[in-house]
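Sequence order for the protein chains is D and C.
Residue numbers for the first sequence follow this note's numbering, beginning at 1 and rising by one.
Residue numbers for the second sequence follow this note's numbering, beginning at 1 and rising by one.
Some hints here could point you the wrong way.
Just so you have them, the derived chain D footprint on chain C, three or more residues with Cβ under 8 angstroms [what the hints assert, rightly or not]:
id	segment
1	23 to 36
2	148 to 159
3	183 to 189
4	290 to 301
5	324 to 336
No lab work stands behind these hints: they were computed from the structure.
Glycine is no exception: its CB is placed at the ideal position from the N, C-alpha and C atoms.
Number of protein chains: 2
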Amino acid sequence: MKRVNIILMGFGHVGRESLRLISEKREFCRKHYCLDMHFHAVFRSEGAFINSSRLVSGDVWKRLQAPKEISKNPNWRTGFALDKALASCEPGVLVECTPSNIKDGEPGLSHIHEALERGWHVVTANKGPLVHDYCSLIEEAKRCRLALKFSGATAAALPCLDIALLSLAGTEILRIEGILNGTTNFILTRMKEGKDYDEALAEAQKRGIAESDPSLDVEGWDTASKIVLIANACFAKCLTLDDVRVEGIKDIPSHLLQQGREEGKVIRLLGTINREKEKIDLSVRLAVITGSHPLFGVDGTNKGLTLITDTMDSITVVGGKSDPRGAAAALLKDIIHIYHFHL
Amino acid sequence: MKRVNIILMGFGHVGRESLRLISEKREFCRKHYCLDMHFHAVFRSEGAFINSSRLVSGDVWKRLQAPKEISKNPNWRTGFALDKALASCEPGVLVECTPSNIKDGEPGLSHIHEALERGWHVVTANKGPLVHDYCSLIEEAKRCRLALKFSGATAAALPCLDIALLSLAGTEILRIEGILNGTTNFILTRMKEGKDYDEALAEAQKRGIAESDPSLDVEGWDTASKIVLIANACFAKCLTLDDVRVEGIKDIPSHLLQQGREEGKVIRLLGTINREKEKIDLSVRLAVITGSHPLFGVDGTNKGLTLITDTMDSITVVGGKSDPRGAAAALLKDIIHIYHFHL
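Same shape as in the complex, but just chain D:
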């Protein structure tokens, strides 16, 4: 049995769900992967809960969710910093789930650097640090012989990177096309059914699919971030958001709207990675696709990715829970990849 010390950073939807899922799966991981998951510290903005493997059992979990109750708990610390937590036990894995900030990558960027410096592996669902500074992070991880995994940042449970890097090993990937943002795909699906943009967005917000400020999604930046990460991972590049031609779904040109209304056609926001030898071309654009396109059936909040190769033709993968639980499952998978499969 191998002990896996975990520090969880960030206690939003994904962080919370990761704590819950990994705790629920503790016995499963012991049985199937000989891994003993142990939460060394769980950081939320007000402080950290340390050194308890019973974090989600009954009332501890409830108290963890009700900050007022936490302060009475002997395992609760305020003023406890990440570097102290990283130094206070055998290195394990930092699960970085702070909010994604694509402007400067903080605070996740600093957390990841700190963890790598202290000999900790990192798995993250946070796109910010990676779109901002992919190459220096990957280089640092390599230099320290540590893993930096980010399945949860590319499309939660949709296994984009696994397929590209593992299933297609030995092929040359020529082109990748994806529907990678559930919010915009939901809005476009509703618009196909007759709603206008504002109605569809309002419904998405009401259902908790779109955020109150939906700009990162509807302006295409979330999709752009994901294709930057996928392209960098697949082609060992250092591309950033500046390298992507980005289009959103707010102002769909009327000729596209009209085509998209026709029978057997739909409008989709496609993230595309096109490769011509060493040149990689990235774009996020509205496209009208027909039934012959492998992503035609991907509707609602669903996601999908098509990879076109030289020797295996095209592989399309669709589905995977795209909510916080799906992201948490992707983080757990990354931890298992590091400790069980040594990937």
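Given the coordinates of chain D, work out where chain C should sit on it, guided by the hints.
Leaving out everything else, chain C in the frame of chain D:
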């Protein structure tokens, strides 16, 4: 650079394509995976071509395909047995591509045992040995700390096993459903378009999709073999073809035929793995599916697999070249998994 000694056994469509593909990809594998692929011996029924890394360059390749010319080549040996080849260099990987024999698994079964006994890894596109004697082969490989990989036997380039074992690590797979046989899917697609069974089969045979004796495909045994392999790999079981309820496509009941003709419905031959705790239920059966089914769009010779899990919902993967070149690409991928990723 790591040298990979390869013995290729079997020189039918898949074996031939494997020799060609791995040779073509030699520089690519050196550059991307630091692997130096070297063919130590290539066995065909009349003899073996040994110890040349120039097997596919120009006229050597042509001579290899024209048995009468081979005998003049200094690298050609008759009466050279596998055990001799296995013992005559540092152990590497046996690429087993002899014809699939689901009755007793031979001759592949003996080849795989011999290779493992001599310390060689095995990758195979041959279902026969694995459906016949999965557990003893896997146990033997484990005991010897060797890899036995069979992506090429489960659905060629469609990454069934990678997704199940790697991308879904940490989940519990509850159910798997697949369209796993290109020949039957092609026939059913043509029947939907109005042809009758005999016409559709004749077209498939004319196009080289169906074999002259198509019984393994049309009676459902090819699909059954694949789901036995997938179920055994996913759930560490020792199931055989005796554990599968198998239905073919030859005598489709008229009520199904009628439903399948309706708009928005299709008949498909589904291989299904249903799991209830420790009980695994396997079947191959005709089903009428509608647009809401994730495999609805899988037509022609295409294949697809849907995996339903506890924490990642359902993942569907579709596509992948399903001809000898796709199988060869799957074999190469397995070799890279063994030597580069240590999987």
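How the hints compare with the structure:
| no. | hint | verdict |
| --- | --- | --- |
| 1 | 23 to 36 | holds (count 4) |
| 2 | 148 to 159 | holds (count 3) |
| 3 | 183 to 189 | violated (count 0) |
| 4 | 290 to 301 | holds (count 4) |
| 5 | 324 to 336 | holds (count 9) |
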